[in-house]
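**Student:** Spelled out from the first residue to the last, the chains are:
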Amino acid sequence: MTSEPEEQENMPEGDDLVAAEYVLGVLAHQERLAAGRRIETEKAFAVHVTRWQKHFDCFSDDYQPVEPPAALKSDIDRRLFGEARQLQTPSLWSSLGFWRGIAAASLLLAAVAAGREFIPFPRQSSGPMVASLEAAGSPYKTMAVFDPRTDMLRLKMMEGEMPADHSLEIWLIADNGEPVSLGLMKRDGPTEMPVKPAMAARMRDGVRLSITAEPMGGSPTGKATGPVMASGVVRTI
Amino acid sequence: MHQGRQILETAPDDLSKLISRVAMRDRAAFDALYRATSAKLFGVCLRVLKDRGEAEDALQDVYVKIWNRADRFAVTDSSPISWLVAIARNHAIDLLRARRPVDDIEEAGEIAEPSPGPERNALAASEARRIDRCLEELDPPRADAVRGAYMNGESYEELAKRHGVPLNTMRTWLRRSLIKLRECLQR
Chain A
0 MTSEPEEQEN
10 MPEGDDLVAA
20 EYVLGVLAHQ
30 ERLAAGRRIE
40 TEKAFAVHVT
50 RWQKHFDCFS
60 DDYQPVEPPA
70 ALKSDIDRRL
80 FGEARQLQTP
90 SLWSSLGFWR
100 GIAAASLLLA
110 AVAAGREFIP
120 FPRQSSGPMV
130 ASLEAAGSPY
140 KTMAVFDPRT
150 DMLRLKMMEG
160 EMPADHSLEI
170 WLIADNGEPV
180 SLGLMKRDGP
190 TEMPVKPAMA
200 ARMRDGVRLS
210 ITAEPMGGSP
220 TGKATGPVMA
230 SGVVRTI
Chain B
0 MHQGRQILET
10 APDDLSKLIS
20 RVAMRDRAAF
30 DALYRATSAK
40 LFGVCLRVLK
50 DRGEAEDALQ
60 DVYVKIWNRA
70 DRFAVTDSSP
80 ISWLVAIARN
90 HAIDLLRARR
100 PVDDIEEAGE
110 IAEPSPGPER
120 NALAASEARR
130 IDRCLEELDP
140 PRADAVRGAY
150 MNGESYEELA
160 KRHGVPLNTM
170 RTWLRRSLIK
180 LRECLQR
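Protein sequences, first through last, are from chains A and B. Going by numbering that gives the first Met the number 0, the first residue of the first sequence is number 0, and it counts up by one from there. Going by numbering that gives the first Met the number 0, the first residue of the second sequence is number 0, and it counts up by one from there.
Rather than coming from a laboratory, the hints here were simulated on the basis of the structure. It is possible that some hints are incorrect.
Cβ-to-Cβ under 10 Å is the rule here; a few derived chain B residues that face chain A [as the list claims (entries may be wrong)]: (1) Ala10; (2) Lys49; (3) Gln59.
Lysine-lysine pairs mimicking BS3-like chemistry, simulated, CA-CA at most 30 Å apart [said to hold, decoys possible]: (4) A:Lys222 <-> B:Lys49; (5) B:Lys64 <-> B:Lys49; (6) B:Lys49 <-> A:Lys140.
Far from chain B, by Cβ distances over 12 Å, these chain A residues were calculated [unchecked claim]: (7) Gly35; (8) Gln63; (9) Pro147.
Note that beta-carbon positions come from the ideal geometry of N, C-alpha and C, so glycine has one too.
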């Protein structure tokens, strides 16, 4: 290896090479930060990075596993779940009054629109349940309202548009953590679906609903396969 | 090697499922994912940072990221373990770059490069053969620079010092190597 002067003068340029340098990890701090920002904002650059990463992925086999200290996991849990509880600040989206209003309006609207009769909420128990479904980094924000008297579930997308090439599937996360499909979001307008008695019985305070992007027509396997677009916990109001 | 076996025993499908459930905020799945992968990811952090305390802090950050970004996994076409290793490796390199004006190259040179692990799975093997074959087409020192940079998180600055050339010369060499590599990989 000799350093001919002309080598310095003819340094090859191009985004693809910067992407490769990012993946290799050779960039200096500021350059690396800049490249990291480009991954988030420039699709073409992110594609270069992904391709190089795939080429180098097999090197990762050569990292030898080393057992971390046992206490580390509880530190992680404390950071994630200890803080999360303290950081929860009430927002309009999570406020009870907002949901009561939305739920009432939604049921009323649905009744009027469908020309059907809805049994009014019983005053004493089993009031409507709501969930606000969202996910970090996802454009989708959906509200779900479940009426335990009629076992009807209504969902309305508040933010985000239906993807043209995917179906959005709604899942109830069962006690064992396995998602069970409740059905697909309608492509236009609010979704309204009857929930089968077996699933309706599981619809209670604290269970989680999630929406995933699945192939058109829904998951072919009956299990959630696509990315989670929105997720939220059901609350009785 | 016990942990290596553990990763092998957790099939890629199972890891994918665990990550999907983590995206749905399933803490039991998060615990299981940690049990199956933390030794591998700690190995990555240690190899790059070469400091136990820093690697422990980094590993915490990495699992916080995994919890927060799990919903992104399904939109990538990476294998689950590649996706996880990339998060750990990128984070460790970020920390390394933020920490170090190059001071101590000897330290990095001492870390022996282990031979390819026996745990290499069949799926990765075809891709591995391809990149190894393409690296063989480069001059050996340049192939070593590429591999060393990837595995140890070496910067241009460190590589230049180690090879005794100016930084821009190192960069020119490496970029030319990458171009050759790209041509070979696209064949």
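**Student:** Take the hints in turn and mark each one as holding or not.
**Tutor:** A quick look at each hint next to the structure:
1. For alanine 10 of chain B, the interface hint is violated, since its Cβ never comes within 10 Å of a Cβ in chain A; the closest pair sits about 15 Å apart.
2. The restraint placing lysine 49 of chain B at the interface with chain A is violated, with a minimum CB-CB distance near 12 Å, outside the 10 Å limit.
3. Using the Cβ-Cβ criterion of 10 Å, the hint placing glutamine 59 of chain B at the interface with chain A is satisfied: the shortest such distance is roughly 5 Å.
4. With a CA separation close to 42 Å, the supplied pair lysine 222 of chain A and lysine 49 of chain B exceeds the 30 Å bound.
5. For a cut-off of 30 Å, the pair hint linking lysine 64 of chain B to lysine 49 of chain B stands: about 21 Å separates their Cα positions.
6. Our distance criterion of 30 Å between C-alpha atoms is broken by lysine 49 of chain B and lysine 140 of chain A, whose separation comes to about 43 Å.
7. Under the 12 Å C-beta cut-off, the non-interface status given to glycine 35 of chain A relative to chain B is violated; the minimum distance is some 8 Å.
8. Non-interface status of glutamine 63 of chain A relative to chain B is broken: a Cβ of that chain comes within 12 Å, the nearest being about 5 Å off.
9. Against chain B, the non-interface label of proline 147 of chain A holds: every CB pair exceeds 12 Å, the least being about 23 Å.
When the structure is compared with the earlier hints, violations turn up for hints 1, 2, 4, 6, 7, 8 and for no others.
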